[in-house]
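> Sequence:
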Amino acid sequence: MRCLKKKTLLFLLIFVSLNVHRTPSQEAHPARQRKPFFERLRRLEEQFQRFQQVTLTHLQNIANNYNVYHNMDVRFQSLVEQSQAVALAMNQSQAAIQGDVAHLKTWYRKSQRRSRKVDARLQALDLSLSTMSRQWVEKEGEQKAQREAIASLALSVQALQDALASLTQQVHSQGARLAALEGQTQSASSGTVALGLTTAPTPTQLAQRGPGSLQLWRDRQVAKSSPQHRSSPHDVTVHVQEMQKFQTPSSHQAAPPRTYQGPGNICNTDPVLIFPNTSTENVIFLSPGFLMPLRALSFCSWVRMATSHLGTLLSYATKDNDNKLVLHGRNSLVPGSIHFVIGDPDFRELSLKPLLDGQWHHICIIWTSVEGKYWLHIDRRLVATGSRFREGYEIPPGGSLVLGQEQDTVGGEFDSSEAFVGSISGLAIWDRALLPGEVANLASGKELPTGAILTLTNVTSVGGFVQSAKCTCLEQCPYATL
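Mind the numbering: the sequence shown is residues -25 to -1, 1 to 457 in mature numbering (1 follows the signal peptide of the UniProt record, and there is no 0), read in order.
Wrong hints could be hidden among the right ones.
Said to hold, decoys possible - The calculated DSBU-like cross-link candidates involving lysine-lysine, where the alpha carbons are at most 30 Å apart (straight line), are:
id : residue 1 : residue 2
1  : 328       : 92
2  : 114       : 348
3  : 445       : 421
4  : 328       : 114
5  : 348       : 328
6  : 80        : 348
To be verified - Computed beta-carbon distance windows for the label pairs:
id : residue 1 : residue 2 : range
7  : 331       : 75        : 37 to 45 Å
8  : 242       : 333       : 17 to 25 Å
9  : 242       : 312       : 26 to 34 Å
10 : 15        : 46        : 28 to 36 Å
11 : 58        : 307       : 51 to 59 Å
Calculated directly from the structure, the hints in this document are not laboratory data.
For each residue, glycine too, the CB sits at the ideal point set by N, CA and C.
Please put together the full structure from these sequences, using the hints given.
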């Protein structure tokens, strides 16, 4: 509309200009008579032309400005669209950044928890290493004292051997002198009888009187002929007895332990739970957990491993501590070792190397808060024991209890490097310390001791690829395969 008005005005101005320019040419002759009027009209025409030029210039400027303004509107509209696109992109970027920040916060909290656990375990290992170092120094001192005692005893034995050699030579020389004296006494006996003198009896006569008289006479002769003898026969007898006592092995030395030949055929157990691989979904939940605080604990189960390391058998987590009770295994630990954790960060490292042969074994881990004592039984044999482990401590109730995984939070955040791969059967937990006879009965496949607070009948959830097999005997159950 604005453009139409501008074109109409321009057309009118041009039309007026042409009419004005044509009028003077038609009336040129009369203008000669009225020059002042035409002069004024000419000046007016010149002014009008100048005005027309100025008007055209202004109209051109207006047209140019309109074009500029139109371009500015287009550009402004484009800028508005670009700003809207930028705002949308910024909103999307902000949402993505917020998601990344939330993920980083979660990862950071998890890293903090793990670093705290690692620090605590490192401190415990440092304390254990310092204790072992101190014990090693003490043992080294004892071994040094034993080596010195053995060296001193060896010197005594050497001196005794020298004394025996010297005594043997003296006995031979005294035997020769005794034979010479017997000959002299026999040759002089006839002359002494004729003179009525009483001579000393000969060895033959003393032998006829009895063995005691002959031995007394020989002792007297030895004492007379060797007044500076080093030691008496009684001393020699004592040394010989001591030497025999040292060289005779003691009958009280412990016999080497017998090797375990396997559990035999164990039948009529609970269903066998098979953990085939390290998937974090392979987990079993037990419910209810611990209903009362525990001041003693016995964990027993049949176990068959399928890898070179023992994963986590059991994990009990509460809101304030995700490692209240853990039988923790990991692929970075020493093969066959497991951390027995009660109230993280305190733990004891237990060796379960017999389980590395891939066969069924029966394990029992027992703990009591009285003096903090604990015991480890493998196939009825006591293989480890200790004390001062969480003395006077109580395991609180109300937590989450799982098998096969280690919880970093209550009921979750599992790690495949800590997963158990193998088979479990006959698992049971007591709130008391089992007696050795009860442990032996369990390992022999006999009835379960009374008072078990949790067994495999308390399984409420089986996740992932965990399989349940019913086998007549354990040896007939399939193996877990990676």
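> None of the hints should be skipped; say for each whether it holds.
Evaluation of the provided hints:
| no. | hint | in the structure |
| --- | --- | --- |
| 1 | 328 <-> 92 | holds, 25 Å |
| 2 | 114 <-> 348 | holds, 24 Å |
| 3 | 445 <-> 421 | holds, 18 Å |
| 4 | 328 <-> 114 | holds, 25 Å |
| 5 | 348 <-> 328 | holds, 22 Å |
| 6 | 80 <-> 348 | violated, 41 Å |
| 7 | 331 <-> 75: 37 to 45 Å | holds, 43 Å |
| 8 | 242 <-> 333: 17 to 25 Å | holds, 20 Å |
| 9 | 242 <-> 312: 26 to 34 Å | holds, 31 Å |
| 10 | 15 <-> 46: 28 to 36 Å | violated, 46 Å |
| 11 | 58 <-> 307: 51 to 59 Å | holds, 54 Å |
Going down the numbered hints, you'll see the structure goes against 6, 10, while the others check out.
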